Amino acid sequence: MEAEKTLEGWAPEPDAEMPLAQIVELAFDYRGNTTVVKRDGTELHGYVFNRDADAPVPHLEMFDAEGGGPYRVPYAEVRTIHFTGKDTAAGKSYAAWLARKQAEKVGRAAGPPPP
Amino acid sequence: MSVPISQMWTVASYVLTQRFRGRKQYPLVLMLEPLFRCNLACAGCGKIQYPGQILRKNLTVEQCLKAVDECGAPIVSIPGGEPLMFPEIGRLVTELVARKKYIYLCTNAILLKEKLDAGVFTPSKYLSFSIHMDGLREEHDEAVCKDGVFDQAVEGIREALRRGYRVTTNTTLFDGANPERVRQFFDAMMDLGVEGMMVSPGYSYSKAPDQEHFLRKQRANDLFRQILSSPKRRWRFNQSPLFLQFLMGKRDYECTPWGNPTFNVFGWQRPCYLLQEGYAQSFEELIQGTRWERYGKRSGNEKCRDCMVHCGFEATAVQETFASWRGFRDTVVATVTGRV
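Protein chains in written order, with numbering that gives the first Met the number 0: chain X, 0 to 114; chain H, 0 to 339.
Honestly, I wouldn't trust all of these hints.
To be verified - Distance condition first, Cα-Cα at most 20 Å in a straight line; then the derived SDA-like pairs of lysine to any residue:
1) 37(X) <-> 63(X)
2) 4(X) <-> 116(H)
3) 145(H) <-> 89(X)
4) 302(H) <-> 24(X)
5) 56(H) <-> 66(X)
6) 56(H) <-> 63(X)
7) 85(X) <-> 36(H)
8) 145(H) <-> 110(H)
9) 56(H) <-> 87(X)
10) 302(H) <-> 28(X)
11) 56(H) <-> 68(X)
12) 124(H) <-> 73(H)
13) 85(X) <-> 51(H)
14) 85(X) <-> 54(H)
15) 56(H) <-> 45(H)
16) 56(H) <-> 84(X)
FYI, nobody ran anything at the bench for these hints, they're computed from the structure.
None of these values were measured; they are calculated from a predicted model.
Input sequences plus hints: build the corresponding full structure.
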């Protein structure tokens with residue numbers, strides 16, 4: 000079974016190939032907490048649940064790691080985003096569950112382990 | 000069809016009122032998600048894959064009611080997450096019943112008996128428990144990734160029926176479903192005495208971990224044709240017969256995502272229950288600010304290409320019923336004869 004890809008642990012820096020707006024988009028799609036690194040050096044840990052790149056003031060929205068918020072952060076204040084939290088969608092495939100289930104059946108059919 | 004007359008009348012008068020007012024985009028069913036937390040972790044569900052602080056969040060009842068009032072849909076579906084884990088589910092349902100909203104409380108029923116014993120709910124024509132059942136014991140337990148859940152759900156259904164509640168089932172079919180087993184499942188649900196069944200193909204949800212087992216359109220048509228082409232008289236469905244015909248490939252519909260708008264802890268979800276492309280702060284902003292032309296089959300959006308899910312197409316089918324005499328006639332014929 001092909002390993003599932005995850006952005007967990009990724010710490011990109013915006014550049015011409017990966018502009019900030021694209022990193023925000025990936026953070027929005029990411030099912031884990033991230034660290035929003037601001038231009039003033041402060042950091043905000045939490046879950047990015049929304050963004051609007053087309054708004055008059057492009058911004059993202061997030062809840063912090065304690066569930067506080069939502070906080071609205073303008074793109075202009077963001078230097079980058081690091082994918083620091085666990086990817087909650089990774090490694091939980093239906094195929095993996097089926098494989099486990101099958102292994103259990105095989106194990107049961109083989110009988111109890113010898114004493 | 001098994002929808003009570005009063006509910007049919009409410010929906011019919013609502014749809015006709017919207018048409019007379021010239022509204023093109025109006026909601027039919029509000030999908031109200033008061034929480035994402037669940038006591039199951041089904042592989043096909045991307046709804047529960049959030050960090051802990053998000054899973055611990057609940058909407059307040061006041062937030063829920065504000066959304067219900069803003070939206071105005073006559074039917075409120077409460078999925079989740081598992082709504083029976085919502086601490087104020089009893090008060091929320093009571094308030095919705097007082098507003099004469101028809102409620103489908105979508106639950107896996109694991110906690111149903113406990114909540115009924117605790118007196119959290121009161122039977123009402125406005126309240127229906129919509130029990131998640133993806134097939135007979137083997138198929139259901141496999142779909143929810145946990146053994147024993149089918150039996151718990153059956154126990155919950157029996158208890159709710161015994162206490163006089165309306166009970167329906169909702170079933171999602173995935174690739175590899177066995178038509179004969181599905182037909183046996185329909186028989187089993189009718190034997191239990193549920194009011195009606197709802198069925199829909201799964202969607203290849205972009206954030207769901209299982210991308211291989213969702214149904215593509217042609218295979219979905221073939222599967223539903225095999226299941227429904229000679230329906231038994233005793234089967235009752237709690238959904239539009241035109242939608243069932245659409246599932247069988249007899250009708251070609253376009254998605255009406257505004258028909259089932261979704262509200263949850265993030266706000267009003269764009270554009271639909273399944274895709275998460277952003278959030279609006281108000282229902283008005285959702286309707287006015289969403290680029291609807293980017294979605295649906297005609298848009299060419301690949302995320303919408305194979306989608307046949309009820310939350311996008313059932314509202315279309317209901318609209319067709321009231322948009323033409325032919326649609327009305329076809330609905331009446333299917334309802335009376337039981338043939339789809």
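The hints, checked one at a time:
1. Taking the CA atoms of residue 37(X) and residue 63(X), the gap is about 14 Å. The hint holds against a cut of 20 Å.
2. This hinted pair does not check out: residue 4(X) and residue 116(H) have alpha carbons roughly 45 Å apart, beyond 20 Å.
3. For a cut-off of 20 Å, the pair hint linking residue 145(H) to residue 89(X) stands: about 19 Å separates their Cα positions.
4. Between residue 302(H) and residue 24(X) the alpha-carbon distance is near 17 Å, which keeps this suggested pair within the 20 Å criterion.
5. In summary, the hint linking residue 56(H) to residue 66(X) is supported, as the alpha carbons are separated by about 7 Å, within the 20 Å threshold.
6. The suggested pairing of residue 56(H) with residue 63(X) holds, with an alpha-carbon distance near 12 Å, which does not exceed 20 Å.
7. Pair hint residue 85(X) plus residue 36(H) holds up; C-alpha atoms about 17 Å apart against a cutoff of 20 Å.
8. Under the criterion of a C-alpha separation no larger than 20 Å, the hint pairing residue 145(H) with residue 110(H) is consistent with the structure, at around 15 Å.
9. This hinted pair checks out: residue 56(H) and residue 87(X) have alpha carbons roughly 16 Å apart, not beyond 20 Å.
10. With a CA separation close to 15 Å, the supplied pair residue 302(H) and residue 28(X) stays within the 20 Å bound.
11. For the hint linking residue 56(H) to residue 68(X), the alpha-carbon distance of about 11 Å falls within 20 Å, and the restraint holds.
12. For a cut-off of 20 Å, the pair hint linking residue 124(H) to residue 73(H) stands: about 14 Å separates their Cα positions.
13. At most 20 Å may separate the alpha-carbon atoms for a hinted pair to count; residue 85(X) and residue 51(H) meet this at roughly 10 Å.
14. Note on residue 85(X) and residue 54(H): the hinted pairing holds, with a Cα-Cα distance of about 14 Å set against a maximum of 20 Å.
15. Under the criterion of a C-alpha separation no larger than 20 Å, the hint pairing residue 56(H) with residue 45(H) is consistent with the structure, at around 17 Å.
16. Of the supplied pair hints, the one linking residue 56(H) and residue 84(X) holds, its CA atoms being roughly 18 Å apart against a limit of 20 Å.
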